[in-house]
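Protein sequence lines, in the order shown, are assigned to chains A and B. Convert by adding 1 to the 1-based position in the first sequence; the result is the number in our numbering. Convert by adding 103 to the 1-based position in the second sequence; the result is the number in our numbering.
These are computed hints drawn from the structure, not numbers from a lab. Just so it is clear, CB atoms sit at the ideal spot from N, CA and C, and this is done for glycine as well. Hints are not guaranteed to be accurate.
[Said to hold, decoys possible] Per the computed footprint, the stretches of chain A lying under chain B, defined by three or more beta-carbons under 8 Å from a beta-carbon of chain B, are:
id, segment
1, 165-172
2, 418-430
3, 491-502
4, 521-533
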Amino acid sequence: MNVSRRWLEAFLRRPLESADVASRLAALGATVDAIEELHPGLGQVVVAVVREVRPHPNADRLRLCDVDDGSGTAWNVVCGAPNVTAGSKYPFAPVGATLPGGLTLEKRKIRGEVSEGMLCSARELGLGQEHDGILELTTEAAPGTPFLEVFDLADERLVVDVTPNRPDLLGHKGVVRELAFSFGTTFRLPAVPGSDGPAMPTPVRAGAEATTGGVRVAIEDPIGCPRFLGAVMRGVRVGASPEWLRARVEAVGMRSINNIVDATNCVMFELNQPMHAYDVARLKGPAVIARRARAGERLTTLDGTDRALAPSMTVIADADGAIGVAGVMGGAHSEVSPETTDLFLECAYFEPQGVRAARRQLGLSSEASYRFERGVDLWNGPEVLRRAVEIIQATAGGTLDGEPVDLFPQVSHPPRIFLRPSRVAQVLGVEVAWDAIERYLVAIGATVVSKPEDGRIAVDVPGWRPDLVAEIDLVEEVARLHGYDDFPTELRPFRVGDLPNAPSEGIDAAIRRGLVAEGLYEVQTLPLGPEDGPESVRLLNPLSAEEGFMRTALLPSLVRQVEGNWAAHTRDVRLFELGTVFLRGEAGMPPREERRVAGVLTGAREPAHWSSAGKSPDVDHWDLRALFEAAAALAYPASMVQVEGGEWVACAPGGRIVGRARALEADAPPWAAAVVGFEILVDAIPRSTPAFVALPVNPAVTRDLSLLVPAGATAADLGEAIRSAGGRLLEAVVVLDEYRGSGVPAGHRGLAFRLRYRAPDRTLRDKEVDASVTKVLKVLRERHGIELRAS
Amino acid sequence: MAESHPQSLLDALRPRLAAVAELDAGALEAEQIAVLGRKSGALTALLRSLATLPPEERRAVGAAANELRQAFEAAFVARSDALVSDAATATVAQRDLTMPGRRRWVGAEHPVTKVVDEICEIFHGLGFNRAVGPEAETEWMNFGALNFPADHPAMDMHDTFYLDVGGDARPGDGKAVLLRTHTSPVQIRTMMEGPPPYRVVIPGVVYRKDPFDPSHAPVFAQIEGLAVDEGISFVDLKGTLLHFARQFFSTSTKVRFRPSFFPFTEPSAEMDVSCDLCGGSGCSACKGTGWMEILGCGMVHPKVLENCGVDAERYTGFAFGMGPQRIAMQRYGIPDIRLLYEGDMRFLDQMGRAR
Ligand SMILES: [Zn+2]
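Pulled out of the complex, with its shape left as it was, chain B reads as follows:
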């Protein structure tokens, strides 16, 4: 064979081209190796041997050989495709449909992101737009402007991380820089921007110096809301939050408001919602009370309005704040808040499937 003339070799190969269309899968693979195999393919060898031919002959045979190679390649691909689709149509009866399909990786947003978005969307429907602000703030923005009395036990409710930023500010002087303990400084930023009406929801990350344990994290999400205009009252606060609760939980959800204390609202309240799981009869999720604590709220303290240059006699408003982590934990039955920070693919996959 090796001694045969290239032209006769080409002639010998040509009939085999037509036969490709009839080959079965095994024979096809064998023929591919026999003709085009990198090591011992007949056509490969022929192409390699072209270099030994005289120039004019090399050009003529070379062109023909290359043409034939392309023809074989196309024929092999076509036959291979045909065999696959034959298998698809001809062997439906034999195919095991219980075999698993071919999946792709999927991703998902964090469960807390989903809760935050859902809450913000509900308030968006009530005319609230999203506002955001920095996570490091001055003491004045985080406490003073929000009517926290200087060095008062009310501050003990907020265990605060302070930052070393140089300069001569010291904790307690208003200028010290801290990690915001709530998203409320964004209320101040919003109100400083221009005159009412304001209707904003403020999602964001906040910091409290709580050691990591099953129910506390030093960093967590918060959503605040603020509505300020003429004629906004406690009745609007209750109506708005009841509407939210019914949208977020269920249309039969009940709410109750208990007096509470926040320096930046007065009157202040905690809102409880009837327990989703037991419908109010008491279960372990609601510690037998039938109620779940869901958010803190109140009428914006006149001092806060004044601190922002808003006429507190003319304008009134309400504010509220809630913790999406806690809500996510209640909704999905997550027993340990740390799971929300661990990035465990198994957990994220489970949560990705949740509504």
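The following block holds chain A by itself, in its conformation from the complex:
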């Protein structure tokens, strides 16, 4: 909502500082996003007298003027305006001044004559469209007086961020009401120049149909249009708006159209009630009817577009057909034109949800729809209409034809709410004195119907506050006007909640710590992406096709992040992400969400160091395997890393695959290293606590076995065979070395295992260990056909 400082001043009859207004409004809940100076280019313009006018020697239409701006120098100014007269005063922009349009004046030659500044037209000063001549000033001010000092045009526009619950702040009067409370003062509607005061008779209340000034007015859709006021004015002269009206509508950012349209816009920005003026001569019937659109009905709106209407929409129609979409936009045909002499003025209440639906369906937003959607004052129509008639009479003349009508088929009243001072204290934490509560409620325009009785008071809320429907809404008003900062700020004793931390949070934290310890950086990527498999869940309204689906895996976006790092010439990349993936669930139900963790590695295994001549080998599959095992232990402790189909998988008990690790495809530059990565499901069950095992006190004995292993036998199988044959003294078996080459027959490899033996209660004797090794070798030989490698 754009607010004009001067307009506020006209209500409050006191000078205001925009910054002060902004902080007062902020304290009351309306943030001012910006304060924009209007007429910013006028600061350097001064009043000047033209002392002498001579013809331009080289151009018939130009004149040479001696301009006195009070500086003592007589400036040569070339002027093209026919109305320039010696002895008159004009706004003068000297060399160096920048005008509202952005033009900076320089000393230059025009048709061979030097010009040192400019005498300005109204349009050049941003004060209207008049460009026929320069602006002659009637002022006593001496030459050199700043233009803005003489003509008090200075104004600022405050861009107020109005929350959706406060439609009243979409009119100046609503903003003024808040400021009046803040200043502790009163306000009234600004006087209309040229008016003797409002002269409209009270509209005649009717049901669903009535006639005014020969125009039939009817409500056929009382749901979409519960109240409709109309008035007919004849003999108006459509023309340019007077200065004050033009300034008002331009101050709030509207374009000045003519005195009729400007008057309705002025009323809208003053009282938050959109209005519409029709040319009676163009109304068939003449009739104005609020009804539902008919099937197949079309309308060319004010913006010149032909639109199809839907029967769900409320329209304004004449006897022939729709002439406007209720609350959204008028039609082009019945628009007020310069030839218009007779007006039909509409001031209606349109039901917010209907306006919102029609606005969305038509893809057409307007200042009017914005206000109707949020709710205008259902009970303020007569005041609004009276105000509009007063402004139009003062600016365009004309007289009312008959008494205005007020169709209100189902008369209703603003709600009455009961407020308990005890509830105020319960919610706000301190008692607020009864008289203060009453003062606050009166300030927002509510009527306190009764003194406290049975511990409560009855409050009739004002019609412009559709947000006030329940007791808690009044409690908020009390808090708001009392001032949030005036409540104590205390840390009072409290009871802690019974719910423990969500277990998944602790699990997430442990996974993060574990992977950070592995040297990986955590990233957060968008869970949106392209379709990726039949389980992908589609967004109904995506930002773009590339982000049209929910991810079903984390790795693809991590690979993209690796590619992003390559684009920044980073070769060594180690990332992980802990996030949610989405898999199609039952029809109509939310998707299944899985918490997953994924990691990627590429580039050097360790930072290069001078002791290794700056070289470090790149990460490979064996780095991946170790990382995957570490991640699996964190994310899914019950799982086992196994080999399946040429890659590693993590298997949950029961065989379900919960994670995978493998080499990844990526769009890699030639200098990049291979990328490997893993992804694994996070098991949500709480982790078991590790139990202490007594540390060994006796020494271990190790034996290395170098085996000749034929193709097909795996390290895992052999390790398992050794473990089971080794007996209870065999504590650990690790793979020491793999060797292929001379001495090893083709199709075989040498595998060395280190066996560690230990007895918990004594020092082992060589004989015991030898016996176990012999048994291991026997099993290997007899069951697996594997022999020691000949050395």
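We have chain A; now place chain B with the ligand onto it with these hints.
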């Protein structure tokens, strides 16, 4: 040599074993090649030639040769280790201590994770435990239960992504499935679980249909808090959040509360904190105001309590919500929110060093 008897070759090698302990680094390497080199090492060649001997001799010489090989290997390793440690002790004076040390890769948690954890920890100290919930919700959970009027302009504050999940639900009917626009549905889930008191903080990812630009992301983190019990009031709300602000920013941080609007709280407020950077005198970070907008909060709307089966006459409570991305951006001076999503190692490394 090749014609010499294996036994004499062994005898010839033995004295050289003792000499290993005296070799310098260069000579050690040469001797390793000369004795055990894979191609031309004397002992290697001898071992290879064993196959040509008669069986009894092969066994005897073989055992001796293998023993000698192991002895040489051990001697070489020992000498090599000794040389390294000699270098370490004997040449301290010559060592260039300005040479860089040997580093390992380090990792780090995402800066937003750090901020989230820090905030949750502060509230944990005030008796709040963590609660979480799903990211896809029904319209009712995201809006209806939280007192958003159906099809009201209040919904325009939340540009919502809807999901195509089949079935006959349509946006606007309450059953449609969407990506939660705030973590507030977890408030509802918490309150449905059992009777008050509740004291939870709710970290999580939320979605708004905002195009990616320097200050907006379609997906971002949020932390909400909820405290409901008998006797909880606006004073507690202010006291709790001031305490948080002083813990998180600094002990001299000031706060101010401005009226605001959220459908699920009433009264509603925005809390500003005095700008950390300029101390309140105004700078570019706070746009000259001296204040930073940090969170939205309010007293839980009675309708929300009732929607969860909580007696709104007996119980009152407060809720608050804030955006860790924005807080991280303010704290670290990050100019563009997209940096938080790009996984640039250089950025993550910088942030990893930050507190
Ligand atoms: Zn600052």
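Each hint, compared with the structure:
no.	hint	result
1	165-172	holds (count 3)
2	418-430	holds (count 4)
3	491-502	holds (count 11)
4	521-533	holds (count 9)
Every hint from the earlier list agrees with this structure, and none is contradicted.
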